[in-house]
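S.K.: Following the hints, put chain B in place on chain A, whose structure we already have.
From first to last, the protein sequence lines stand for chains A and B.
With the working numbering, letter number 206 in the first sequence gets 206, and the count goes up by one each step, no holes.
Counting the second sequence from 1 gives a position; the working numbering is that position plus 1000.
No lab work stands behind these hints, which were simulated from the structure alone.
Among these hints, one or two may not hold up.
Said to hold, decoys possible - Restraint-style ranges between C-beta atoms, simulated for each label pair:
{"id": "1", "chain 1": "B", "residue 1": "1099", "chain 2": "A", "residue 2": "43", "range": "38 to 44 Å"}
{"id": "2", "chain 1": "B", "residue 1": "1044", "chain 2": "A", "residue 2": "161", "range": "23 to 29 Å"}
{"id": "3", "chain 1": "A", "residue 1": "284", "chain 2": "B", "residue 2": "1209", "range": "40 to 46 Å"}
{"id": "4", "chain 1": "A", "residue 1": "14", "chain 2": "B", "residue 2": "1047", "range": "55 to 61 Å"}
{"id": "5", "chain 1": "B", "residue 1": "1069", "chain 2": "A", "residue 2": "45", "range": "55 to 61 Å"}
{"id": "6", "chain 1": "B", "residue 1": "1170", "chain 2": "A", "residue 2": "14", "range": "19 to 25 Å"}
{"id": "7", "chain 1": "B", "residue 1": "1166", "chain 2": "A", "residue 2": "7", "range": "43 to 49 Å"}
{"id": "8", "chain 1": "A", "residue 1": "204", "chain 2": "B", "residue 2": "1099", "range": "18 to 24 Å"}
By construction, the Cβ of each residue, glycine as well, lies at the ideal position given by its N, Cα and C atoms.
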Amino acid sequence: MNQDREPLLPGVRLLDRIMKANPASSISRMDAAALAKAQTTAIPDRGVAAFLLGRAKRGVTITTSDFPASHGARLPLRIYRSRDAATGGPLVLNFHGGGFALGSPRMCDWICGIVATRLAAVVVSVDYRLAPTHRFPAAVEDCYETLTWAAEHAGDLGGDPDRIAVMGDSAGANLATVVAIMSREEGGPRLAHQTLIYPPTDLTENVRQTRSYQDNTRSIVLSNEDMAAFNALYLGEGTDARDWRVSPAYAKDLAGLPPAVVVVAGLDPLHDMGVAYAEALTAAGVPVTLKDYPRMPHGFLSFPRLCRDSGPATAAIVAAQAAALRVAAR
Amino acid sequence: MRRVLVTGGSRGIGAAIVTAMAAGGDRVAIHCRAGVQAAQALRARIAGTGHVVVTADLSDADAATGLVEQTVRALGGIDVLVHNAGHYEEQPIDTTPYALWMAGWRRMLEVNLLAAAALAHQVVDHLVHRPEGPTGGRIVMVGSRGAYRGEPEATAYGASKAGLHALAQSLAVALAPHGIAVGAVAPGFIRTEMSANRLSGAAGDAIRAQSPYQRVGEPAEVAAAVAWLASPAATWTTGTVIDVNGASYLR
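Okay, chain A solo, but in the shape it has when bound:
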C-alpha cells in the first residue's frame, strides 16, 4: 500500500496530532532528563493520557503484587482477574510496550482487562526493568523470571499451570516471543499460546531494507528515528543485535513454539518484520493467525478510543487465545 496516498482515518489523524504536539511522546526528541522523568511519572487516572489509553472494563479486579527477582530487587506485578471468574482459568502473562525504555503495565489496562474477563483468565503484567539504566538482557531476564515464577505459583495466583500464554505489544511482543523461545530452549514452562502485537522481531539495520520502513514517511506514533533511538538505548555498545534474544527473527529454529496470533498495522515501520516472522513461524510448522490492519498505526491497540480497529483486533486476539487455551470466550 502506498502510505502517502491513503487518507488517514479521522481518529488516527487526531491521534497523530496529539502525539506530535507532545514532545514527550517521541523518544528521539527526548534528552536524558526528559526520559528519566517519563520513566518515573505514573499515568494519572484522569486526563488526556488516561482517556486515550482507555480503562479496564467494569467487572475486572486489578491488584498489585511483586516477587523477588534474582537481581536482588522485587519485580512489581499488575494482576487482572474477572470479578466473577472461578479459579483455575488460564494464566496470561503480559509484557507492555514502550521501546524497552518507556511504559508500564498501566498502559495495558484496557486489553488486559478484556482478556481477563473474556477468557476468565488471570492476567499478570510485569513492570520489567527499563533501558538505558538496565539495558539488554535485563528486560529479557525479568520477563523470563516472571514466567517461571508465575508457573510455579500458578495455584496461588488462581490460574492453571498447564494453560499459560504470553502476550505483548511492540517491545513487549519482542519479549513475549523471546521468552517463548527461551522457555523451549531451557526446558521451562510449556506455553500454550503467544500473542504478538506489532512485534519488533529484527533490531538490526536490516529493517532499513523493508518497504514498511521506507514508506514510514508520516511517522504516525512511531518514526524511524524513534525506533533507532529505542534500539540504541536498549542495546548500547557491543551488543550483537543478531542475538536471537534481541532479534528473535534470527533464532536458528522456531519449531515447537506455541501457536501464535500476530497483529500487524499498515502504517507501522514494523509491519513487514511482523509478517516475515509470521511466515517464519509458519515455515517451522507453528500454527499462526495473522491479523493485518492496513489503516492502523503502530500502537493502535493502546488507543481504543481513537483507533477503530482496536475492537476487532482485540476480538481476534481473544478468539485465538480462547481456541489455544481451550476456553469458551465470554
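M.R.: Structure of chain B alone, referenced to chain A:
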C-alpha cells in the same frame, strides 16, 4: 436406545446437538479436542444416563480412527455420527502471505473435510460389520451457509464446508443400499460463545439484519434440524442440505 457420536460436542452448536439427542433418549459420546472440563459438565447436565466424553485432536484426520474405536468401546457401538467439529480462520487473500494462506487452508480442510471423510469411513465400516447390520444408521454433517453465500474472509472455511455438503450428498447415494441416510445442515450466523464478540456493536447489527427476523440463530435451532436428520423418519430426505439461516440466504 441409539448411540450417537457428536464431534466438537462440548460447546456451541455441538453442545446443543448433544443436549437435543440426549433429550430424545439417545446415549451420546461427547467429543472434544482437549480440556474435558466443559464436556464433563455438559454430560452431567443433559437428560438420561450412559453418556461419555471422548477426546481426539482432529487437526490430524487420522485421529478419527482412534476416536471411533474409543466411542464403540465406550458406548458398545455407534448408530449415528454427527460431525460438527470445525475450524475457522480468517485469512484475507490480499493481506495473507502465501505460506500462511496454504497452512490455513490445510488446517481447515483437515478438520472440516478430511476428518469428516475419515470418520464417515470408520463409522460405515463399523455399521456394515456389526451383527445387526447397517440399517438405520445415520450420518449428519454440520456444514455452513458460507458454502453458498461465500466466505470472503475465510475462503478455505467456505470451500471446506461446500466440500462437506458434497461429501454428504455422495455418501447419501453410496450408502442408500445399506439403509444409511446421510444429510447436512447449513447454519447461518449462530449465537455461540465463540461468535459473541462479533455480535456486539454496529457489526452485530449488520449481522442480525441479514435475516428478516433481525436476529441470529440459536444453537438449539440447528440442533433441531440435526435431530430430525438423525431420526428414523428421515429416510426419504437423504442427501438433503437443510438451510438453518432465518432466510438470510436463499438458494
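S.K.: Run every hint past the structure and note whether it holds.
M.R.: Each hint tested on the structure:
| no. | hint | in the structure |
| --- | --- | --- |
| 1 | 1099/B - 43/A: 38 to 44 Å | holds (40 Å) |
| 2 | 1044/B - 161/A: 23 to 29 Å | holds (25 Å) |
| 3 | 284/A - 1209/B: 40 to 46 Å | holds (43 Å) |
| 4 | 14/A - 1047/B: 55 to 61 Å | holds (56 Å) |
| 5 | 1069/B - 45/A: 55 to 61 Å | holds (59 Å) |
| 6 | 1170/B - 14/A: 19 to 25 Å | violated (56 Å) |
| 7 | 1166/B - 7/A: 43 to 49 Å | holds (44 Å) |
| 8 | 204/A - 1099/B: 18 to 24 Å | holds (22 Å) |
Violated hint for the displayed structure: number 6, the only one.
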